[in-house]
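A.B. asks: Here's the letter readout for the chains.
2 protein chains.
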Amino acid sequence: MNSFEEVNYFVQNGHQDYLPHISIDCVIFGYQQQQLKILLLKWKGLNGWGLPGGFIKRREPLSEAAYRILQEKTSLNDLFLQQFHVFGDSPYRVGERSTREFTEKFGLEVQADNWLFERTLSIGYFALMDHVKVNVQTDFFTDDYQWWDASDVPQLLFDQNEVVEKALLTLRLQIYHQPIGYNLLPEKFTLPEIHTLYETILGKELDQRNFSKKLMALGLIQKLNEQRSIGAHRSPFLYQFEKEKYEQALKEGIVHTY
Amino acid sequence: MNSFEEVNYFVQNGHQDYLPHISIDCVIFGYQQQQLKILLLKWKGLNGWGLPGGFIKRREPLSEAAYRILQEKTSLNDLFLQQFHVFGDSPYRVGERSTREFTEKFGLEVQADNWLFERTLSIGYFALMDHVKVNVQTDFFTDDYQWWDASDVPQLLFDQNEVVEKALLTLRLQIYHQPIGYNLLPEKFTLPEIHTLYETILGKELDQRNFSKKLMALGLIQKLNEQRSIGAHRSPFLYQFEKEKYEQALKEGIVHTY
Numbered sequence: 020m021n022s023f024e025e026v027n028y029f030v031q032n033g034h035q036d037y038l039p040h041i042s043i044d045c046v047i048f049g050y051q052q053q054q055l056k057i058l059l060l061k062w063k064g065l066n067g068w069g070l071p072g073g074f075i076k077r078r079e080p081l082s083e084a085a086y087r088i089l090q091e092k093t094s095l096n097d098l099f100l101q102q103f104h105v106f107g108d109s110p111y112r113v114g115e116r117s118t119r120e121f122t123e124k125f126g127l128e129v130q131a132d133n134w135l136f137e138r139t140l141s142i143g144y145f146a147l148m149d150h151v152k153v154n155v156q157t158d159f160f161t162d163d164y165q166w167w168d169a170s171d172v173p174q175l176l177f178d179q180n181e182v183v184e185k186a187l188l189t190l191r192l193q194i195y196h197q198p199i200g201y202n203l204l205p206e207k208f209t210l211p212e213i214h215t216l217y218e219t220i221l222g223k224e225l226d227q228r229n230f231s232k233k234l235m236a237l238g239l240i241q242k243l244n245e246q247r248s249i250g251a252h253r254s255p256f257l258y259q260f261e262k263e264k265y266e267q268a269l270k271e272g273i274v275h276t277y
Numbered sequence: 020m021n022s023f024e025e026v027n028y029f030v031q032n033g034h035q036d037y038l039p040h041i042s043i044d045c046v047i048f049g050y051q052q053q054q055l056k057i058l059l060l061k062w063k064g065l066n067g068w069g070l071p072g073g074f075i076k077r078r079e080p081l082s083e084a085a086y087r088i089l090q091e092k093t094s095l096n097d098l099f100l101q102q103f104h105v106f107g108d109s110p111y112r113v114g115e116r117s118t119r120e121f122t123e124k125f126g127l128e129v130q131a132d133n134w135l136f137e138r139t140l141s142i143g144y145f146a147l148m149d150h151v152k153v154n155v156q157t158d159f160f161t162d163d164y165q166w167w168d169a170s171d172v173p174q175l176l177f178d179q180n181e182v183v184e185k186a187l188l189t190l191r192l193q194i195y196h197q198p199i200g201y202n203l204l205p206e207k208f209t210l211p212e213i214h215t216l217y218e219t220i221l222g223k224e225l226d227q228r229n230f231s232k233k234l235m236a237l238g239l240i241q242k243l244n245e246q247r248s249i250g251a252h253r254s255p256f257l258y259q260f261e262k263e264k265y266e267q268a269l270k271e272g273i274v275h276t277y
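Just so you know, the sequences run in chain order Y and H. In the numbering used here, each residue's number is its place in the first sequence (first place is 1) plus 19. In the numbering used here, each residue's number is its place in the second sequence (first place is 1) plus 19.
Bound conformation, chain Y alone (with noise of 0.2 Å):
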């Protein structure tokens, strides 16, 4: 949606293809280099920075909304994504944007009682991801776009702040429990990869020696007789995911671990 047309009728009309009061917003964490991450889209005008986000069409099943925004925002399309928490604690949520200023900004004439300018509650999304896969599509709205480090966000639009320090907050509480980081180690990794990885996620040092043997006691990895070879003297053995327990858990979204 990139025409100053499509994006009238859109915000005109809207509602009779569109959910009113109730949209999505994803946080899109990316990892890469021991770094964690958030993707940030600029919004023209407003000088402000917001979450990548949409609507849920009329008939559409909610997490393939979810799923349909994440595409038309980062072109990716297999990736877990997880829905964490409803956000609407405030009781004008999105209704205290000025019409005025949207005229200005972005020369669409609203009312208003327009749709968009109504109280709108946000379901919150996250998903995880290698960030050099990603090909951000900015839209009508948006001019830029910007991969934030996640303990350094800055002031966004409405209570997204607040969205995404949940969207943290599961991704650190679940990481024992879910197929997250499935997409982001090869598919056999040494120790050291994967506790980099989770180090990374959680923001702080874990001990080496309980974190494997964590790992292993809730049965999300498993040793391989496997070694790599990385020189003279080093060839850590290898690790996979516990694969039976991840695909059951990607269909269901949780591992049963006790």
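Calculated directly from the structure, the hints in this document are not laboratory data. No residue lacks a Cβ here, since even glycine has one placed at the ideal position from N, Cα and C. Check the hints yourself; a few may be wrong.
[What the hints assert, rightly or not] Here are some, though not all, of the chain Y residues that point toward chain H, as calculated from beta-carbon distances under 7 Å:
(1) Leu38
(2) His40
(3) Ile41
(4) Arg78
(5) Leu81
(6) Val105
(7) Gly107
(8) Asp108
(9) Pro110
(10) Gln130
(11) Ile142
(12) Pro211
Could you slot chain H onto chain Y? The hints should help.
C.D. replies: The following block gives chain H in isolation, referenced to the frame of chain Y:
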């Protein structure tokens, strides 16, 4: 809301006071005498069972709406109530109800485009309580309630069986890092008491020795230098929840165990 006039006004004009397209469903777990139950309400005439629920007022914070609905249905208001998932994968959710049947059963005239018959997503919340404390309120639409065994829930309205299943899964998954069960044990309890509670919620046997080790290792409970005398040769040690950690958790919703 019990009189015909009140209900008729709500049905015809409720969308002016409440947000359409989005509702709240409450899964209320009751624990007593080593059994885990779920509260269901019986819809008048429809001969079907459903979850207590309601809508969000136009300017009401989401979590306040959840507590208000819980209070209206159970007369309880000081519980730990937890949002766990939004259900919206059925593109005709609720909308498939027959307006004619509605008119026949309840004597309420409704048009095909009535707001209660539009597609409605539902936000699931759960609470866990001692069920003797609950004073269940039926209303215009419901004429009976029952505590059903969690493992034997009947066919429910819409997709509410899925709502119950997901609540149960979440409860079980989070039992080791959420303040679940805090209000179900005496302040000072024995290991067999908390062991039984956890076995009942998880619906399976837990090795008692490993279980208490795990709770101690996670820092969820602490052993007191106190014993309860329950017979000539029986005086088990008492334990209590790690208060500070749990109070923090009740605020943030999560115990940070790693």
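A.B. asks: For each hint, tell me whether it holds in the structure or not.
C.D. replies: Now the hints, each set against the structure:
1. Leu38: Holds. Min distance 5 Å.
2. His40: holds (5 Å)
3. Ile41: At about 5 Å, which falls below the 7 Å cut-off, the nearest Cβ of chain H leaves the hint on isoleucine 41/Y intact, so it holds.
4. Arg78: holds (4 Å)
5. Leu81: holds (3 Å)
6. Val105: holds (5 Å)
7. Gly107: For glycine 107/Y, the interface hint holds, since the closest Cβ of chain H sits about 3 Å away, which is under 7 Å.
8. Asp108: holds (4 Å)
9. Pro110: Hint on proline 110/Y: holds, closest Cβ of chain H at ~4 Å, below 7 Å.
10. Gln130: violated (18 Å)
11. Ile142: It holds, given that the least Cβ distance between isoleucine 142/Y and chain H is near 5 Å, below 7 Å.
12. Pro211: Constraint on proline 211/Y not satisfied, violated at 19 Å.
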